[in-house]
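Just need the whole structure built from these sequences, with the hints factored in.
Mind the numbering: the sequence shown is residues 302 to 647 in my numbering, read in order.
Derived by calculation from the structure, the hints in this document are not laboratory data.
Hints are supplied without guarantee of correctness; some may be wrong.
The calculated EDC-like cross-link candidates involving lysine to aspartate or glutamate, where the alpha carbons are at most 20 Å apart (straight line), are [claimed, not checked]: (1) Lys587 - Asp569; (2) Lys568 - Asp618; (3) Lys526 - Asp474; (4) Lys420 - Glu430; (5) Lys378 - Glu395; (6) Lys420 - Glu409; (7) Lys587 - Glu375; (8) Lys420 - Glu439; (9) Lys575 - Glu604; (10) Lys577 - Asp615; (11) Lys577 - Asp618; (12) Lys359 - Asp474; (13) Lys576 - Asp611; (14) Lys575 - Asp615; (15) Lys568 - Asp446; (16) Lys575 - Glu395; (17) Lys359 - Glu409; (18) Lys358 - Asp435; (19) Lys568 - Glu439; (20) Lys526 - Asp512; (21) Lys577 - Asp611; (22) Lys576 - Asp618; (23) Lys358 - Asp436; (24) Lys577 - Glu439; (25) Lys359 - Asp642; (26) Lys577 - Glu365; (27) Lys349 - Glu624; (28) Lys359 - Asp446; (29) Lys575 - Asp611; (30) Lys576 - Asp446; (31) Lys420 - Asp611; (32) Lys358 - Glu400; (33) Lys349 - Glu439; (34) Lys576 - Glu586; (35) Lys359 - Glu469; (36) Lys576 - Glu536; (37) Lys358 - Glu395; (38) Lys359 - Glu536.
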Amino acid sequence: VSVNQPLLRGAGHDIAFESLTQAERNLLYQARSFELFRQDFVIQITDKYFSLISQQKKLANTRENIEGQRFAWEQAKALFRLGRGNSLDVFRAEQALLEAQNSGIDAEQAFHLSIDQFKVDLGLPIDVEFVLQDDFPEVTPFEMDLDGAVVAALHNRLDLRTTRDQLEDAERDLSIATNSLLPSLDLSLGYSSAAEEKFRFSDLTITDEVDYSVGLVMEIPFDRKSQRNSFRSAEISLDQARRELDRQQDEVILEVRDSLRTLQQRKDQIELGKKKIQSVTFSVEKAEIDQVRGTGTNRDVVEATNSLTDAKNDQLDRIVAHEVQLLRLHKQIGLLFVDEDGMVAK
Numbered sequence: 302v303s304v305n306q307p308l309l310r311g312a313g314h315d316i317a318f319e320s321l322t323q324a325e326r327n328l329l330y331q332a333r334s335f336e337l338f339r340q341d342f343v344i345q346i347t348d349k350y351f352s353l354i355s356q357q358k359k360l361a362n363t364r365e366n367i368e369g370q371r372f373a374w375e376q377a378k379a380l381f382r383l384g385r386g387n388s389l390d391v392f393r394a395e396q397a398l399l400e401a402q403n404s405g406i407d408a409e410q411a412f413h414l415s416i417d418q419f420k421v422d423l424g425l426p427i428d429v430e431f432v433l434q435d436d437f438p439e440v441t442p443f444e445m446d447l448d449g450a451v452v453a454a455l456h457n458r459l460d461l462r463t464t465r466d467q468l469e470d471a472e473r474d475l476s477i478a479t480n481s482l483l484p485s486l487d488l489s490l491g492y493s494s495a496a497e498e499k500f501r502f503s504d505l506t507i508t509d510e511v512d513y514s515v516g517l518v519m520e521i522p523f524d525r526k527s528q529r530n531s532f533r534s535a536e537i538s539l540d541q542a543r544r545e546l547d548r549q550q551d552e553v554i555l556e557v558r559d560s561l562r563t564l565q566q567r568k569d570q571i572e573l574g575k576k577k578i579q580s581v582t583f584s585v586e587k588a589e590i591d592q593v594r595g596t597g598t599n600r601d602v603v604e605a606t607n608s609l610t611d612a613k614n615d616q617l618d619r620i621v622a623h624e625v626q627l628l629r630l631h632k633q634i635g636l637l638f639v640d641e642d643g644m645v646a647k
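Following this line, the structure appears as structure tokens:
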């Protein structure tokens, strides 16, 4: 039996288990990368699903607009027959109705195409039956101060944790490279003995009838250029890892600040959108009353009705943008969790 134990170069637990340690680290990095991919995929699919529901609502708004334009056309014809309107109003109302019907055809075609594309994204057959739930997302309340969001992001972000761990890897590599500059000093232990067939190690005794040896082997090579180059390379890699961590931390802070501002912007736009819908609704009612009284024209009714449809559709886009932005913010501060079924954990 012989044992060789390094005492200087190559000595220590970290050096002996470096390959296993780095393999475990690499496995952890891959697991984190996969989890980040799952989060991105959930956000992407959620965005597309909300967009589909938005398109469905827009299609309903377009159909409502068609009915409104048809009513305006019938009203213009009735006023013309009563002598309280002119033929131009009738033609204008008919053109508005035709344009609304054409927009409805385009919207329906785009909606069905989006559904088929969504099936492809989910890996479903194109001909599978697909029914969307008619529940548009409500605006989810969310309050978090900037400092708290930044602290959470710096602590929870998986990519930032990986960068910190990679800095530790670089420090460990430098320690190993430093160790490689040491001279080689190995302790050698040896033992040999002629044993009987039923020999047991518990019966082992050191006597003159056995051979054993103890020795020290030292080696001081003069050419250490390769080791010095490796050491310098490890120093450079460590500096790069430190700068990368600083850069990524700054980017995380910037992302969180921008994401919070964007979320607040979406909330403000939704509130303004509500007021705009109310204002345009009053404009439609006022234009219809003025037309009946003869103090307004059919053009006012057509423009107000189209503006109301546009305002409703824009509001749908704002709500979808808010909900998707909220998911992105949760991911950026490390609070987006996806369960085994691929659903966002509450």
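Hints, verified against the model:
Under the criterion of a C-alpha separation no larger than 20 Å, the hint pairing Lys587 with Asp569 is inconsistent with the structure, at around 27 Å. Between Lys568 and Asp618 the alpha-carbon distance is near 12 Å, which keeps this suggested pair within the 20 Å criterion. A hinted pair counts as satisfied when its Cα atoms are at most 20 Å apart, and Lys526 with Asp474 qualifies at roughly 17 Å. Distance hint between Lys420 and Glu430 is fulfilled; the C-alpha atoms sit about 10 Å from each other, no more than 20 Å.
At most 20 Å may separate the alpha-carbon atoms for a hinted pair to count; Lys378 and Glu395 meet this at roughly 10 Å. Among the hinted pairs, Lys420 with Glu409 is consistent with the structure: their alpha-carbon atoms are about 17 Å apart, no more than 20 Å. Simply put, Lys587 and Glu375 have alpha-carbon atoms about 18 Å apart, close enough for the 20 Å limit, and the pair holds. Distance hint between Lys420 and Glu439 is unfulfilled; the C-alpha atoms sit about 24 Å from each other, more than 20 Å.
At most 20 Å may separate the alpha-carbon atoms for a hinted pair to count; Lys575 and Glu604 meet this at roughly 19 Å. About 10 Å separates the Cα atoms of Lys577 and Asp615, which keeps this hinted pair within 20 Å; it holds. Of the supplied pair hints, the one linking Lys577 and Asp618 holds, its CA atoms being roughly 14 Å apart against a limit of 20 Å. The suggested pairing of Lys359 with Asp474 is violated, with an alpha-carbon distance near 59 Å, which exceeds 20 Å.
Under the criterion of a C-alpha separation no larger than 20 Å, the hint pairing Lys576 with Asp611 is consistent with the structure, at around 14 Å. Note on Lys575 and Asp615: the hinted pairing holds, with a Cα-Cα distance of about 10 Å set against a maximum of 20 Å. Among the hinted pairs, Lys568 with Asp446 is consistent with the structure: their alpha-carbon atoms are about 15 Å apart, no more than 20 Å. Note on Lys575 and Glu395: the hinted pairing is violated, with a Cα-Cα distance of about 30 Å set against a maximum of 20 Å.
Distance restraint check for Lys359 and Glu409: the Cα-Cα separation of roughly 10 Å lies within the 20 Å cut-off, and the hinted pair is therefore satisfied. Between Lys358 and Asp435, the direct Cα distance comes to roughly 8 Å. Compliance with the 20 Å bound is thereby established for this hinted pair. Under the criterion of a C-alpha separation no larger than 20 Å, the hint pairing Lys568 with Glu439 is consistent with the structure, at around 12 Å. Restraint check for Lys526 and Asp512: the C-alpha separation of about 40 Å exceeds 20 Å, so the hint is violated.
Proximity of Lys577 to Asp611 is assessed by CA-CA distance (about 10 Å); at most 20 Å being required, the pair is judged to hold. Between Lys576 and Asp618, the direct Cα distance comes to roughly 16 Å. Compliance with the 20 Å bound is thereby established for this hinted pair. With a C-alpha separation of about 10 Å, the suggested pairing of Lys358 with Asp436 holds against the 20 Å cut-off. Taken as a hint, the Lys577 and Glu439 pair is honoured in the structure, with Cα atoms around 18 Å apart against an allowance of 20 Å.
At most 20 Å may separate the alpha-carbon atoms for a hinted pair to count; Lys359 and Asp642 exceed this at roughly 30 Å. Simply put, Lys577 and Glu365 have alpha-carbon atoms about 18 Å apart, close enough for the 20 Å limit, and the pair holds. Note on Lys349 and Glu624: the hinted pairing holds, with a Cα-Cα distance of about 12 Å set against a maximum of 20 Å. Restraint check for Lys359 and Asp446: not satisfied, since their Cα atoms lie roughly 34 Å apart, outside the 20 Å limit.
Taking the CA atoms of Lys575 and Asp611, the gap is about 13 Å. The hint holds against a cut of 20 Å. The suggested pairing of Lys576 with Asp446 is violated, with an alpha-carbon distance near 27 Å, which exceeds 20 Å. Proposed proximity of Lys420 and Asp611 is contradicted: the alpha carbons are some 28 Å apart, above 20 Å. Restraint check for Lys358 and Glu400: satisfied, since their Cα atoms lie roughly 19 Å apart, inside the 20 Å limit.
Distance check on the hinted pair: Lys349 and Glu439 sit about 16 Å apart at the alpha-carbon level, within 20 Å; holds. Between Lys576 and Glu586 the alpha-carbon distance is near 16 Å, which keeps this suggested pair within the 20 Å criterion. A threshold of 20 Å between alpha carbons decides the hint, and for Lys359 with Glu469 the separation of about 53 Å lies outside it, so the pair is violated. The straight-line distance between the Cα atoms of Lys576 and Glu536 is roughly 61 Å, outside the 20 Å bound, and the hint therefore fails.
The hinted pair formed by Lys358 and Glu395 fails the criterion: a straight-line CA distance of about 25 Å is larger than 20 Å. Distance hint between Lys359 and Glu536 is unfulfilled; the C-alpha atoms sit about 59 Å from each other, more than 20 Å.
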